[in-house]
Structures are given as structure tokens and as C-alpha cells.
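2 protein chains.
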Amino acid sequence: MPTYTAPARETRFIVNEVLDLASYGNLPGFESAAPDIIDTVINEGGKFCQEVLAPINRAGDEEGCTRHPDGSVTTPKGFKEAYEQFKEAGWGTISHVEEFGGQGMPHVLGFALEEFISSANQSFGMYPGLTTGAVSALLAKGSPEQQATYLPKMISGEWSGTMNLTEPQCGTDLGLIRTKAEPQADGSYAITGTKIFISAGEHDLTSNIIHLVLAKLPGAPDSTKGISLFVVPKFLVNEDGSIGERNAVVCGSIEEKMGIHGNSTCLLNYDGAKGWLVGEENKGLAAMFIMMNAARLGVGVQGLSQAEVAYQNAVAYAKDRRQGRALTGPADTDAKADPIIVHPDVRRMLMDAKAFTEGMRALCLWGALLVDLSHKAATEEDREEADAMIGLLTPVIKGYGTDKGFDVTVNMQQVFGGHGYIREWGMEQFVRDARIAQIYEGTNGIQAMDLCGRKLGQAGGKAIQAFFKAVGEECAAAKADASLAPLAERVEKALGEQQAATMWFMQNAMANPNNLGAGAHHYMTMMGIVTLGFMWLKMARVAQAKLASGTDDKAFYEAKLVTARYYIERYLPDVGALRRKLEAGSEAMMALGEDAFATAA
Amino acid sequence: MPTYTAPARETRFIVNEVLDLASYGNLPGFESAAPDIIDTVINEGGKFCQEVLAPINRAGDEEGCTRHPDGSVTTPKGFKEAYEQFKEAGWGTISHVEEFGGQGMPHVLGFALEEFISSANQSFGMYPGLTTGAVSALLAKGSPEQQATYLPKMISGEWSGTMNLTEPQCGTDLGLIRTKAEPQADGSYAITGTKIFISAGEHDLTSNIIHLVLAKLPGAPDSTKGISLFVVPKFLVNEDGSIGERNAVVCGSIEEKMGIHGNSTCLLNYDGAKGWLVGEENKGLAAMFIMMNAARLGVGVQGLSQAEVAYQNAVAYAKDRRQGRALTGPADTDAKADPIIVHPDVRRMLMDAKAFTEGMRALCLWGALLVDLSHKAATEEDREEADAMIGLLTPVIKGYGTDKGFDVTVNMQQVFGGHGYIREWGMEQFVRDARIAQIYEGTNGIQAMDLCGRKLGQAGGKAIQAFFKAVGEECAAAKADASLAPLAERVEKALGEQQAATMWFMQNAMANPNNLGAGAHHYMTMMGIVTLGFMWLKMARVAQAKLASGTDDKAFYEAKLVTARYYIERYLPDVGALRRKLEAGSEAMMALGEDAFATAA
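Residue numbers (the working numbering), protein chains in the order written: chain A, 3 to 603; chain B, 3 to 603.
Hints listed in this document are in silico derivations from the structure and should not be mistaken for laboratory results.
Computed from a predicted structure; not experimentally measured.
Incorrect hints may have been included.
One copy or two, it doesn't matter: identical chains are merged, so the pair holds either way.
[As the list claims (entries may be wrong)] Okay, derived cross-link-like pairs now, BS3-like style, lysine-lysine, Cα gap no bigger than 25 Å in a straight line:
{"no.": "1", "residue 1": "471", "residue 2": "495"}
{"no.": "2", "residue 1": "89", "residue 2": "155"}
{"no.": "3", "residue 1": "464", "residue 2": "495"}
{"no.": "4", "residue 1": "182", "residue 2": "338"}
{"no.": "5", "residue 1": "556", "residue 2": "227"}
{"no.": "6", "residue 1": "338", "residue 2": "49"}
{"no.": "7", "residue 1": "285", "residue 2": "338"}
{"no.": "8", "residue 1": "338", "residue 2": "227"}
{"no.": "9", "residue 1": "338", "residue 2": "218"}
{"no.": "10", "residue 1": "481", "residue 2": "556"}
{"no.": "11", "residue 1": "481", "residue 2": "82"}
{"no.": "12", "residue 1": "218", "residue 2": "285"}
{"no.": "13", "residue 1": "227", "residue 2": "285"}
{"no.": "14", "residue 1": "79", "residue 2": "218"}
{"no.": "15", "residue 1": "321", "residue 2": "338"}
{"no.": "16", "residue 1": "471", "residue 2": "556"}
{"no.": "17", "residue 1": "378", "residue 2": "495"}
So here's chain A without its partners, still in its complex pose (with noise of 0.2 Å):
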């Protein structure tokens, strides 16, 4: 049975050390989050994720959702428990917006524990996690009065929320919905139409489930330009808020998946279900980009979660499991074979994910607080800047984060050797579980193209120049130390071979579109790569500062020098790899005829 503990050092040593929060406590919302409720919140999270939402994740990847003859679905065994617990102790709320009942906390704090959460319990952790995509539009887009009577209940987690966007003809291409929104008299809309692979659709936690759900106008343009969002909540909202008549939604069947069987993937019928319409009419596809913004940013923290708790057990196996003797010499003398802990091979896999899980988690909270930064900061400059900056790294969250997490999951499992394969060590679902983050919320190759295609060239290639200059800049200020210098002196060079195939772009997309697209994903990973190496010059710089001034915690600081040199030593060379690839251009990934994919007798 696997084990999990919350990393809270780790959070608190990125919220506090590295990006300073108490330094933002001039701007609204942060003056709530002094150190000592930064910790409080980092260390009750943790406690509840561990303690009670930990122990029901193999028996909710064991049992699954039921879906019930009448449509209902009930959720594994100890969730509605864990839900009430979670909704009673309001974790739900901490980023959420004051005005509706949230606790107005920054979201670096919400997003540590999302983490958290889903390193407990992935599939536990989608039911809110949609919830707050859900708000999030409804924030946005929705009427004072849609946001009056949905908000605070969906806040409180009384009532969840979901994201309805794909049906079995249509998936990327959001222009080929067919769902259909009827204008009704009394001004709502009847909604008809069949929704697949709905996370979260249907389930006992909650007494209202509040669909936003992308369908068709009458006569509108039969492409992106023509969807419009709709509100459809499962029953009807009474006007004193209280619950009225069951809507005609319907959940139709329940998938079954290779993993994260604890949430309820469903298949919707709305057969002339009462919705209203959210935002303006076809502007839908703006009004769930907003929610589908927040959830791959979620979606990125799932390939650190997985990640995380995959290399805790790894860990803990390697440590105890004796096989061999390590290379220089027997390590225990005392016993018949050393802890697998001291074979390079299996070093090298824990501090691959050491490097990777410090790295992401610094990147995912940077990221976090660009989120608060994009609404809060001074000016409506900076507001701007942090926008795009976290608009540029979303992708590169998602993409990056949950293809690595997902590389970093298998290669702890591999350490337990056979064992990992074995259901009852839990290894193997968090690798079924951790796949599904590099699919849902947009494949990662839509997440390739969404950075190459659109962000790489929005307002002038702006916000990738900004990111060069603060790479560089941590760069120049990293060298200035001398024992950094050499680690620095690498990322900068990293930097380069980015800049030079953001060039490489820039010079050959233009004549053949398929030259960016054929390199997409590489820059992708380049770029994450790259990114975390950022992350890394960062954390180093902050950790030789403490140890240069004096700390207790000596091994900690010194610990984070080693990872930053080890990821810089074994993460970095892939960049001028992936940028050789990049270069390679379209030509010959194109140049097959579909008859060559065939197989012939």
C-alpha cells in the first residue's frame, strides 16, 4: 500500500524563499497570506491530503464509479465522507473570490494545494478541480445574477461544476459540435445534444451539479465562431436558491478507463435540458478558454503530483529492498546485500525525479502567482505582462510537466522491478492515472501548437522576449556568484540553442506552416526544459545565499546545489538535441503518401 506525505518544506521553502510571497503584501489578497498562515495552510492541507484523502486512493481505483439503472452515479467508497470533510474544512475556498465566499487568498497558495491533493488522490481532486475550472468562467462571463445564484454554492462546494465541450464526432475541432441550444420564450434555452467524456458529470458528492455545456444557436456559423456556452445545472435553482425540478440531463453510461476510476467520466444526454446562455452568443469558445486556461494549468500540477508521489514510494523501496552489492564496495556489511539505494541505475532514476519534482513545483507556483499577478498587481502594465507570461508558460506547464510526470511515474515504478507491475504496490495506478493529464484539457500536441502557434507570436513575440530577458537576467545574476557561474554558464547556453530555434521559426514557418508544426513539441519540451533550468538557477541562487549567511538547515540548502548541478548535467543536453530535431524541418515527416502508413501481407 503506498504512502504519501505533503512536501510541505519543499512548498514553503518556493512560497516563502524563493518567490517571497511576504514581499507582495501591498497588494490585495496577499495581505492575508502572512508566513504563518501560509504555513498553517500548507500544513493542515497536507495533513488532511495525507490522512484522509491518501488512504482512499487504491480502493477508489479498485471499486470505481457505479452508475445506477436511473442515471445516478455513485462515487467509491469513503469519498462523499471525504468530500464532506474537505467542503466542511473550506479547502475549496482558499483562492477563491471573497465576494462570493471565498477566502480571497492568493492562488500560489490554492495551487500548492491542488498538488497536494492530487498527489492524495488524483481522481478525488478532479471534483473540485472542475468545480473551480466551472467558477471560473462563470466569474468571468456569467450575469450578476447567474453568478449570484451559482458562485457562493459552488465556492462552499455544495454544488460542483464540469465542462461539457466534446462529443463523439469532436473532440480538438470545437467548429464540429452539434449540440443545439433552442431559444425558449421565457428567454432560456433547451439544450439537445450528447456529451462524451465528462469528468466529474454525474456523482453523489454534491446536491447540484452545475453544467457549462458549448452548443449551437439556431442558424450560427458552422465553425468555432458559431458556439455559444451555456449554464445547465442538473436541477433547476428555485428563485430562493433553494433546489427545484430535475433538469433533462441524463447521464448515459460511464466510461471505462485505463485509470482515475474514482471520478465518474460520463456520457451526458441533454434531451431539451433548460440552460442559459453565458456571455454573449457565439462567443463561447472565449468564455471556456477562460476555464480551460485554469484547468491545464491543474492539469500541469497532476505530472507533478503523480510525479511526487510515485518518487516518495520509489523512495521509501529503495531504501528497504536489498538486492547486490553497491559497485564500490558492500555499503552494509552487516547484512547479505546492500538497499537498492545505492546502485547508480536506481540513483539515477530518484534523482531524475528529484530534479524534475523541485524543478515543476517551482515552476507551477511561479506560475500561480503570475496568475495573481495577471489580476492584482499595481499597474495595469504589470497586470499585462503577467498575463502573458503565464498565457506563454500554460502550455509549457501542461505539456512539459504532464509528458515528464508521466516519464518520472514510470521510471519509479521501474524501481520496484517486478513489484511495480504488481497491482497491490500501487505503483501502477499512479502510471495509469498520471497518463490521462497528457491527453484531457487539450492533447499535449494541441498544447505544442497553442505555444508555437499562437503564444510564440502574440503582440510581437512579446512575452517570449520577455522570458528570454528574465532567463537571461537569472543568468547574469547567477554568474556574478563564482560557484554558480558553471551552472549558469550552461542554462545560458541552453537559452541560446531556444533562441536560436525560435529563430529557426520564425525564418521557415512562414513559407511552409508544416515546419512548425512538424517542431511543435520539441520546442515544447525545449522549452520546459529550459524553463526548469531557470527554476533551478533560482532555487540555487536562494539556497548558497542561506547557506552563505548562516542556517540550521544545512543538508537542505546543500542538497538543493547538488540537484540543481545534477539536472543541469543530465536535463540540459537535450535542448541542443531537440533543437538539431526542431531543425530538421517537415520535409521528410511529410513526405510519405497516406498509402505508405499501410501494412502490407
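Fit chain B to the given chain A structure using the hints.
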């Protein structure tokens, strides 16, 4: 429901054109493998796999194996009938020695068939696959009486075989084995102990199961030098060859696993079971390695197999599924969207898969030819050379083949987007099944140590020097053709990187063996990439010659040239990156104390 077509045209290309099997007609066994016989085996064997084995693969996964209270095990519905057909057709006998009822044909053909079997149904293929391993050990080390008793019925498929190494406390480190063998008055041994993870350990496909078991004699040395190999039949065999008394070996449980549910992975309890020594006392490890090496090559083929079947299904989906438009403008203006195969990122994944599977198939079949030559080449010197080369390549085929095979399988699942995560499409089964191949028969970390710690230095590095020479000669030959020269130069450069890494090991591993351990996995990956580059040059030269001399299958050979170029552009850049990681050495990897891996609250 996924489908499978045996890639017979591809196999014929390698066997007849690249390896030119006909040119070995002077060697024993090869004379029976005339091109028309080869074609028949490939075509008919392929058809059997498509029509009989593939259709029961999903059901095998869903249903799994069932252990009954008496310890007996039932395989999934359809497996027994399929096994009967397999046995009747003699598919298991192809490459076995004629002396004991085999057809004595080259291993190349047996391997070609193994690929098809594993693609169609990996779980099924493991039953005869394990038998083949056990046959190898008995052939090499069994007494004439043991050979006469067991081999004919094992080769015919009437009985099956297993390998019993692992115990709860003992996986990689076989010195920790506790299973005891007590000599009995009649010359037999009483075997007592618990073995775990025994694939095909108990089932209903055959009337007897012949277990090969590692155990310790009383007073044997407390290391791998103290283990002996025993043959322990499930049912004792009477003098006349008929089935006798039930032996004291019982399946205590079957493991719940991530995949390969159609194969029974057993815990076997030996309670004074009657066994007989195979080979010499305390020399069990050498005997075990004979079957292990055969098994490792078979596992390497599994990496290819899952990638191949996943690729075929991803191609079909990518041609059928319509989302979005080609970046260069609509490809199919009659439809609302283009098939996703037009998108470069989908192409990238398909071309990565195509380049891997075709290259890996060439490597596997070359490996099989080396196995043949190690037994049958005309001179002792040639036999030794072939044996050393396949010894060197075995960890690369197993380790790199299954690592990359898994990655490709995961990418093929990715082509399906959300549908890839849903069980009914079958892609997630391929991923779960493929995962085991990186683990069993020695984890890939162990393969890397076998390659770098044993094989590289054997006989003064003779094998690796022969490998460098062979690749170098292929590059020289390809450079003679102006159109292939640019490809050859890049393979030559990658070879240079591998040679430099080899030199680095020589200069740095003696002083600190952790430098070897820290770089072993990088080296194995690097050598895998270079070896497939070598295969691609070979294939490109054959294709070029065919196109020059005129062929009515022009498209086939042109596709080979494009794919060769794609491989060289997209895979080789990693070689330089791996060299840099390897040359970073073990310092940062091994610097942290065990405490630094603990998670602090």
C-alpha cells in the same frame, strides 16, 4: 476493437533482401529455408496470428486467468482452443532441433513468427515462449535421459515449460535464493521453497508443465556460486513417457497485475517436490543464463510487437478520425474536417513509430541470424564471432527495444486522444502489456549493467570492436553512393560519439565504478540508437539498389529511403546528448546521503 495484420511484406524484405538468408544455404538447416518455404511460414504464420490469436487478445485482458481453490488455473476463454490449433499446426516447432521433433529451420524464422504472435496476443505468446527458454536450458545442460524424457513433448507443445528464479526476498540478486534441494536416496532431490512471478506457472493449456527451478543444495556457498538448476515436472513422468503422479508443486495464488492478464503469473509453492539436477551442482546460474538469454531476445521482440500493433491501429485511426484542417489548407474540401494524419504532430508520432518498428525488426532478425550462426557457421571462429556479437547485442535488443517500444506504444495511444484512454479501443491494453517487457527477464537497468559491466570488456573488448568495425564498414559502403552519403556521415558521427563514450568509460570506470553505473543506461540507449541507424543504412542501401535496378514495388523502396532519412534526422541527435550526460559521471548522482531523499513535512 483493435485489429492486427502481420507485416509480412516487411519481414520478407528483411529476411530475403536485407539479410539475404538464401546466401547461407550451405549451412545446416538453412537449406530447408528456401525463399518459398520462408514465404509460406511468414504468410501462413501471420495469418494464424491475425485470425486466431488477435481476436482473443481483448477478451484475455478483460477476463484474465482464474485460480481455483485446488490450485488449478484456467486461462481465458478461447486460449485453450487457440493453443490446440497452435500445437496442431506446429508453429512452436519451427526453429527447434530436428533430433527432438523440431523442424530445424533458422531462428530467423522462429523470431519472425514470435513478433507476429506477440503483436497479436502477448499473453498467449508467453506460454510457448517460456517453453522455448526451458527447452534451450535442457538442450544445453540436460542429461541425455532428461532430454529424451522432456524435449520431444515440450517441442511439440504437448507440455510447456517455465523458469523459476524469483523469490519474495530475491529478484535480481540470485545469491539470496532460499529454496532448498535435499538429495534423496533415489538420486532425485526434494525441492522446498516459494517462487514468485512465475509466468505460465500453472494453466490448463498442456497436460504437463516442466518447471526449471533454481535452488540451493545443503551447504552450498552463500552466493550465486551456490545455486543449482533442477527440472521439476508438475506431473512425474513414468518410464514409458506417460503422465504419472502429481508432484508437490502447487500454485498458491496468481498475481493481480497491470497487464498481460491472459498469462498466469503464479506464486508456486514447492513442498518437497521431486526434482532432478540439470547440469552440475552449484553451476545453476550458467544454465539459467542460457534460457535467460533466449528469453531476453524474446522480450526485446515484445517491445517491437506492441509498438507494431499499436502503430497499425493508430494509423487506421489517424486516417479515419477527422478534426481540424491541414496547416497548409484544407486537404479534403468535401468534408467539414481533414483526417488527423494531415497534422504534423500526428505524423511525427507515426513516423517515429514507423522508423522504430522497421529498424527494430531488422535488428531483431539480424540478432536471430547471429544466434543461428553462433551454432551453425562453418568455422569455429565464425561461430565465436557470432556468439560474441549476439551476446553484446542481447541487452541492447532487450533494453533499448523495450524502452523505446513502450514509448512508441504510449505515443500511439496518444494519437487517439481521449479515446486512447478508454478501454474499448484497446490502445491502453497495449500500453499496459508493453510495460512489463522493460521489467522482466532482468530490468532494463540490469541490461545496461550487463552491457557496460560485462559485455563491453569481454575478451578485451573484441565484440564492441567488431561492432564498431561493422557499423564503420556500412557507413563506408553507404558513403560510396552520393545520395546516401549525407545519411552515412551522420551515422558515422553518431558512431564516433559512441566510441568516445566507450573511451570515457575505459578512462573513468576503473578509478570509480560508479562512473560506469551512472552512465550505463545512457550508453545502452545510445548504442540502441546507433544500431538502428546502422540497420537503416543497410535498408537504405538495399532500397537504393532495388530502385536503381528497377522494381514494380517502387513506392515500398522509396518509403524506405524517406524513413531512413527521418530516422537519421530525428533519432540520431540524441546520441550526442546521451554522451554528454554519460560524461557528466557519477559525482552529482551519488553525492546525496540517503536522508536527502526523505520528504520533510
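Evaluation of the provided hints:
{"no.": "1", "hint": "471 to 495", "verdict": "within (14 Å within a copy, 35 Å between copies)"}
{"no.": "2", "hint": "89 to 155", "verdict": "within (11 Å within a copy, 65 Å between copies)"}
{"no.": "3", "hint": "464 to 495", "verdict": "within (21 Å within a copy, 39 Å between copies)"}
{"no.": "4", "hint": "182 to 338", "verdict": "between (70 Å within a copy, 18 Å between copies)"}
{"no.": "5", "hint": "556 to 227", "verdict": "neither (57 Å within a copy, 45 Å between copies)"}
{"no.": "6", "hint": "338 to 49", "verdict": "neither (38 Å within a copy, 51 Å between copies)"}
{"no.": "7", "hint": "285 to 338", "verdict": "between (68 Å within a copy, 21 Å between copies)"}
{"no.": "8", "hint": "338 to 227", "verdict": "between (69 Å within a copy, 14 Å between copies)"}
{"no.": "9", "hint": "338 to 218", "verdict": "between (69 Å within a copy, 16 Å between copies)"}
{"no.": "10", "hint": "481 to 556", "verdict": "within (22 Å within a copy, 57 Å between copies)"}
{"no.": "11", "hint": "481 to 82", "verdict": "neither (53 Å within a copy, 68 Å between copies)"}
{"no.": "12", "hint": "218 to 285", "verdict": "within (11 Å within a copy, 75 Å between copies)"}
{"no.": "13", "hint": "227 to 285", "verdict": "within (7 Å within a copy, 74 Å between copies)"}
{"no.": "14", "hint": "79 to 218", "verdict": "neither (38 Å within a copy, 47 Å between copies)"}
{"no.": "15", "hint": "321 to 338", "verdict": "within (15 Å within a copy, 57 Å between copies)"}
{"no.": "16", "hint": "471 to 556", "verdict": "neither (32 Å within a copy, 52 Å between copies)"}
{"no.": "17", "hint": "378 to 495", "verdict": "neither (34 Å within a copy, 53 Å between copies)"}
In summary, the numbered hints that this structure violates are 5, 6, 11, 14, 16 and 17.
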